[in-house]
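Numbering (full-length UniProt numbering) for the sequence shown: 1 to 366.
Since the hints were made in silico from the structure, they are not lab data.
Accuracy of the hints is not assured; some may be wrong.
[Said to hold, decoys possible] Within a straight-line C-alpha distance of at most 35 Å, the following computed DSBU-like cross-link-like pairs (lysine-lysine) qualify:
| no. | residue 1 | residue 2 |
| --- | --- | --- |
| 1 | Lys34 | Lys146 |
| 2 | Lys267 | Lys290 |
| 3 | Lys267 | Lys240 |
| 4 | Lys214 | Lys240 |
| 5 | Lys34 | Lys115 |
| 6 | Lys267 | Lys220 |
| 7 | Lys115 | Lys214 |
| 8 | Lys3 | Lys99 |
| 9 | Lys214 | Lys146 |
| 10 | Lys290 | Lys99 |
| 11 | Lys99 | Lys146 |
| 12 | Lys220 | Lys290 |
| 13 | Lys3 | Lys34 |
| 14 | Lys146 | Lys115 |
| 15 | Lys115 | Lys3 |
| 16 | Lys146 | Lys267 |
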Amino acid sequence: MQKVQAVIARSEGAPVETVTIQVPDPGPGEAVVKILTCGVCHTDVHYRDGGINDEFPFLLGHEASGVVEAVGADVTEVAPGDSVVLNWRAVCGECRACKRGEPKYCFATLNATQKMTLEDGTELSPALGIGAFAEKTLVAAGQCTKVDPDARPAAVGLLGCGVMAGIGASINTGGATRGKSVAVIGCGGVGVAAVAGAALSGASPVIAVDLDAKKLEAAKALGATHVVDSSTTDPVEAIKEICAATYEGAEGADIVVEAVGRPETWKQAFYARDLAGRLVLVGVPTPDMKVPDLPLIDVFGRGGALMSSWYGDCLPSRDFPMLVDLYRQGRLDLDAFVTEEIGLDDVEAAFDRMRTGDVLRSVVVL
Numbered sequence: 001m002q003k004v005q006a007v008i009a010r011s012e013g014a015p016v017e018t019v020t021i022q023v024p025d026p027g028p029g030e031a032v033v034k035i036l037t038c039g040v041c042h043t044d045v046h047y048r049d050g051g052i053n054d055e056f057p058f059l060l061g062h063e064a065s066g067v068v069e070a071v072g073a074d075v076t077e078v079a080p081g082d083s084v085v086l087n088w089r090a091v092c093g094e095c096r097a098c099k100r101g102e103p104k105y106c107f108a109t110l111n112a113t114q115k116m117t118l119e120d121g122t123e124l125s126p127a128l129g130i131g132a133f134a135e136k137t138l139v140a141a142g143q144c145t146k147v148d149p150d151a152r153p154a155a156v157g158l159l160g161c162g163v164m165a166g167i168g169a170s171i172n173t174g175g176a177t178r179g180k181s182v183a184v185i186g187c188g189g190v191g192v193a194a195v196a197g198a199a200l201s202g203a204s205p206v207i208a209v210d211l212d213a214k215k216l217e218a219a220k221a222l223g224a225t226h227v228v229d230s231s232t233t234d235p236v237e238a239i240k241e242i243c244a245a246t247y248e249g250a251e252g253a254d255i256v257v258e259a260v261g262r263p264e265t266w267k268q269a270f271y272a273r274d275l276a277g278r279l280v281l282v283g284v285p286t287p288d289m290k291v292p293d294l295p296l297i298d299v300f301g302r303g304g305a306l307m308s309s310w311y312g313d314c315l316p317s318r319d320f321p322m323l324v325d326l327y328r329q330g331r332l333d334l335d336a337f338v339t340e341e342i343g344l345d346d347v348e349a350a351f352d353r354m355r356t357g358d359v360l361r362s363v364v365v366l
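All chains, please: the whole structure from these sequences, using the hints.
Take a look at the structure:
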């Protein structure tokens, strides 16, 4: 058992606290990881505000890089000293998705069996089974994905959630490739990653839509060929015009990624698609939101697919090392996502900056 400093959400809506927690020694199938960096993600705010569930107190943080410190019995995936990015899809190999050869949809992903606790023994609920706003954390060994130890931890750690979700929404879920057009509505961290993924795939045009000029500039820097300020321009009409100028007869984009998670922008994405186009929802809605009213004939008549993307439909063991290699080759600018590096005590202030749109990612560095 070790005692370390960590950031928790004790009750719904209350400011986060930096406290001492207890991390058990790893049991069978588990690993203790010394955390190097952890990105500040919207999902952590959802946990703090009770938008995920009510299993307080939460140990926040999940978008992390680190070094394996110790492993339990039967662990073969990683060894002490390995540089890793943590993931929340440690595939089980036994569920119906895994058995049919689709582990990226694993329905029973693994987490550590033991619980980390407060000093008084109160059990903590780690965000997405990780809990990495901490000097050390306990995870299932399968949640550790080995990566190049020479890669910048603050950058590659972001693959653990937001960047992977966005890149995967374009490539894995949306099927972006050369000869296809992609529009991304909402250019926060996940949306800009979706833009980067679309550009990486060779798709063109790549259209970024947002209300914020700073976010549109970030999208342009990461590969958007066109930007649309939806505070002054109808995004649906703009997307249609841009795509028609590239592909004669196009009635919208082949793939529209909705990275906001609101009914209004989802409806825009629906109508911004070309015939047989794909709508990919990667923005996280709140439980009270509903799919907007749509004439059923429009759903039928436009064809295509209405999809949601969970973790970018990624397989961490395959996708993380590949994307780190692209980063090391200079083909994927993960550094551009790191707006600032902060300490554990700065997480609450980072939540405020995230809400105002001043950052793509604040990254806690330990």
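A quick look at each hint next to the structure:
no.: 1; hint: Lys34 x Lys146; in the structure: 14 Å, holds
no.: 2; hint: Lys267 x Lys290; in the structure: 11 Å, holds
no.: 3; hint: Lys267 x Lys240; in the structure: 15 Å, holds
no.: 4; hint: Lys214 x Lys240; in the structure: 23 Å, holds
no.: 5; hint: Lys34 x Lys115; in the structure: 17 Å, holds
no.: 6; hint: Lys267 x Lys220; in the structure: 24 Å, holds
no.: 7; hint: Lys115 x Lys214; in the structure: 41 Å, violated
no.: 8; hint: Lys3 x Lys99; in the structure: 39 Å, violated
no.: 9; hint: Lys214 x Lys146; in the structure: 34 Å, holds
no.: 10; hint: Lys290 x Lys99; in the structure: 33 Å, holds
no.: 11; hint: Lys99 x Lys146; in the structure: 24 Å, holds
no.: 12; hint: Lys220 x Lys290; in the structure: 31 Å, holds
no.: 13; hint: Lys3 x Lys34; in the structure: 12 Å, holds
no.: 14; hint: Lys146 x Lys115; in the structure: 24 Å, holds
no.: 15; hint: Lys115 x Lys3; in the structure: 13 Å, holds
no.: 16; hint: Lys146 x Lys267; in the structure: 39 Å, violated
Violated hints, in rising order: 7, 8 and 16; the structure is consistent with all others.
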